[in-house]
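*Asks:* All chains, please: the whole structure from these sequences, using the hints.
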Amino acid sequence: MNKTLKNLFLGGAVALTWTACTPETVDPNADLKTNVVSNYCDIVLASYEDSYTTAVALQTAVNNLVSTPTQVTFDAAKAAWRAAREPYGQTEAYRFYDGPIDDADGPEGALNAWPLDENYIDYTLSATNTIDYTGIIHDATTYPTIDAATLAGLNEQGGEKNISIGYHAIEFLLWGQDYVNVNTNVGQGGSRTYTDYTNISQNYDRRGMYIKACADLIVQDLGALKAEWAASGAYRTYFKGLASDEALTKILTGIGILSKSELAGERMFTALEANAADNPQEDEHSCFADNTHRDIITNAQGIANVLNGTYVDVNNSTKGNAAYSINALVTAVNTGVASSLATAQATALTKVNAIPVPFDKTVTEENVADNGPVYQAVKALQEQGDKIAEAATALGLTISTDLPE
Amino acid sequence: MLYNNYWLVLCLFVTALSACDKERVLYPEDGEQYAGGETTFFNASRNAFGFSAPNLEGLQSLQFTTGNSFFNQAWVTAVASTAGRDGLGPLFNETACSGCHFKDGRGRTPRPGEVFGHGLLIRLSIPGTNTHGGPLGDPFYGGQLSTGAINGVNAEGDVDITYIEETGTYGDGTTYSLRKPTYTFKNLAYGAMSSNIMFSPRVANQMVGMGLLDAISTNDILMHADEADVDGDGISGKANYVYDVEKSTMVIGRFGWKAGEPTVRQQVAGAFVGDIGITSSIFPNENHTSQQTAAQAAPNGNNSNGYELDDQTLDRVELYSSALAVPGRRNWNDQDVLKGKALFFEAGCQKCHVQKYRTGTHPRFSALSNQTIYPYTDLLLHDMGEGLSDNRPEYLATGREWRTAPLWGIGLIEVVNDHTELLHDGRARNVAEAILWHGGEGEASKEIFRTMSSEEREQLIAFVKSL
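Chains Y and Z supply the protein sequences, listed in that same order. In this text, residue positions in the first sequence follow our numbering: the first is -15, and each later residue adds one. In this text, residue positions in the second sequence follow our numbering: the first is 627, and each later residue adds one.
Note that these hints are calculated values from the structure, not bench results. All C-beta atoms in this analysis are idealised placements derived from N, C-alpha and C, irrespective of residue type, glycine included. Be careful, since some hints might not be right.
For lysine-lysine, the following DSSO-like pairs were computed, each having C-alpha atoms within a straight-line distance of at most 30 Å [as the list claims (entries may be wrong)]: (1) Z/Lys806 x Z/Lys1072; (2) Y/Lys224 x Z/Lys729; (3) Z/Lys806 x Y/Lys363.
A few chain Y residues that face chain Z, going by a derived Cβ cut-off under 8 Å, partial list only [what the hints assert, rightly or not]: (4) Pro99; (5) Thr108; (6) Ser110; (7) Ala111; (8) Thr118; (9) Gln161; (10) Asp162; (11) Phe253; (12) Asn259; (13) Asp267; (14) Leu333; (15) Pro388.
Label-pair restraints from in silico Cβ distances [what the hints assert, rightly or not]: (16) Y/Val170 x Z/Gly954: 49 to 57 Å; (17) Z/Val741 x Y/Val341: 41 to 49 Å; (18) Y/Ala88 x Z/Pro910: 34 to 42 Å; (19) Y/Leu109 x Z/Asn1056: 47 to 55 Å.
*Replies:* Okay, structure coming up:
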């Protein structure tokens, strides 16, 4: 062949060899990322398992109360409710990325929605201090049957209408409305008595059916969540099948949004700045039991669990592996960012635990401008949210810490 | 031989030149992808409408989360221990703002088998006006049909919608079909409607960029007004003048399908009382009429000032509604999108869908001041023809007149709200249908669209969807 053609072939061959030999960039942390994602699934499952078993214990205690209403069974039911909230609060770190808890069909609203439409459920105190026997419990005509299916159906009438089931419904049915002055009966919550489940109380039997139905629904929903995250569960399979970066984006989005916006903003700042003149003490999520301080602490702990890669279960046993944690991954990529995140995490936990109990008394007394313990905790959680976003950036990911609604 | 080669080369050269001319590259305007100026946030997921303006600072960004809380959480029946959140109804359409403005997005018509709702409500009035020249409510049903009520009170009624398809043809022979709705009231709980009742179906609008529209100066709006069509271009936009309660005077209207509300603040307060039954300092009277006795007797959630929405809470929801980020453009520098943009301007769409403004000083939220924004609206009323008329005046707006809808965010309704329905009653099933419904002042531009080639129509639609 002629000289030009020969040169052309030679040039082409060199070019081809060049592209074939250029190596793809290999991620030195690829294995660690896979392990972090897998470890996350393990601690998610462990915390949902605890949420499930404590919910079953709550269901048992509620059934006991209804069949044998005494001070003892009543107190046991309340204790079981508080115990059930401990692991559940930690699972809120798995929200905000359309996971099983809050995708289009997710049970988050059914489990934990707030505020509760008290009048829609049971008797309430009127503006003139009389008892109004309103609500499903006192309306046998419109609602002849009270069971899990009926209540679930009512709660789904187009969006978040008339919240009437979930943890806070059970809370309301155990404690009742909290109108007790924050200073006279500190942290005691509402003053329902066990006699509301005995035959001296109007429609006590329907109240019993209602609270049992709510407990049944919670157990059902948590059972479904547990199944999704089980070793061969549908969502875990999907989650582990994602590219590591996509899974990590979801993990960081959940804790970033919870820290920066949902917990710091909606749960704490909103309650803090609520207008004192109009009884703000109950703009707190666990307003009937005065348990909001635990909600805040368990939410913050849930974030820490994800960062640390571990979860301490209800039997004090540690699940997960810190070597396969977000913190370990961030350290491998950027020690400076990891260090800032660790500081922010420690400060957030300290500040949150320093909020005086009960929450409703504290927010009534503290003003935004005081830079008091609640405000400091808000700022610390926001800072933690920002550091989580920075960690994402260091990993080459982008997350938003805004509430997705 | 040489002569032939020379001629060949010349021919090739000329061909090449003319071929290059057809592949002229179009360029976007510098910065047009920042539809909301510094309030723009780039996200095209189903959360696209829910982000706060990134330039919100300090305490305001925390206060935004309070506004978010009151926008999203349900209101409950009075009297509840959550005293800041009770007072729902007694008559309502939804229990929370997010019920209609789901994910801060656009409402739609009900699908077969669904209950009426999903972000569509019906306004009511009888002939005449109230003391400020606005719509006069029905003596029993008031100014809006309440499809929900608290326990012990009857909801006002329900609505059925049926459609008639009207076919047409594009210039290139392709057929299209538009659906015209008919509404029938049913299960009316308070007797028959007045025989001369007027009604208007209204879909909930996406919430982005509202505060920016508040910050456009009145002069910049009036600059485009030409009620008498003095310039003879066929467009005769006119400002609506509506009553501002807090200022006790008539001011230019900006919000709502007929520009019936003057400010985001009053729009929010109006929606609270009309749609959820929550009274405020601006609207301290419940939405039911004196004829609805069970509603009259029901407990309210009034605070120590005598209304249900705390002043601070109104401020927070106003902030929230004003400062949602405008989503950044998608594909703004795509050649087909830019060709579509050129066609949009050639067809004269921008005469009403005015592209761009620089906002003035916002009285309350500095993040919204001095921003270059691209809302594609003149905020003025235009006669859109008989086909779209609701036959119900609203202040200076006649039945045929509608405010130019802002187009920002329109392309994201599909991913956020899982539908593509447009226009005041959601009758248009996509952008093409929405354009084809343009009559009256919009007829000429509609005709230009209708007679474009199929490729050009697709390009124009691609442009609109990039907004």
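*Asks:* Next, verify each hint and record whether it holds.
*Replies:* Structure-based check of all given hints:
no. : hint                             : in the structure
1   : Z/Lys806 x Z/Lys1072             : holds (18 Å)
2   : Y/Lys224 x Z/Lys729              : holds (28 Å)
3   : Z/Lys806 x Y/Lys363              : violated (53 Å)
4   : Pro99                            : holds (4 Å)
5   : Thr108                           : holds (6 Å)
6   : Ser110                           : holds (6 Å)
7   : Ala111                           : holds (5 Å)
8   : Thr118                           : holds (6 Å)
9   : Gln161                           : holds (4 Å)
10  : Asp162                           : holds (6 Å)
11  : Phe253                           : holds (5 Å)
12  : Asn259                           : holds (5 Å)
13  : Asp267                           : holds (5 Å)
14  : Leu333                           : violated (20 Å)
15  : Pro388                           : holds (4 Å)
16  : Y/Val170 x Z/Gly954: 49 to 57 Å  : holds (50 Å)
17  : Z/Val741 x Y/Val341: 41 to 49 Å  : holds (44 Å)
18  : Y/Ala88 x Z/Pro910: 34 to 42 Å   : holds (38 Å)
19  : Y/Leu109 x Z/Asn1056: 47 to 55 Å : holds (52 Å)
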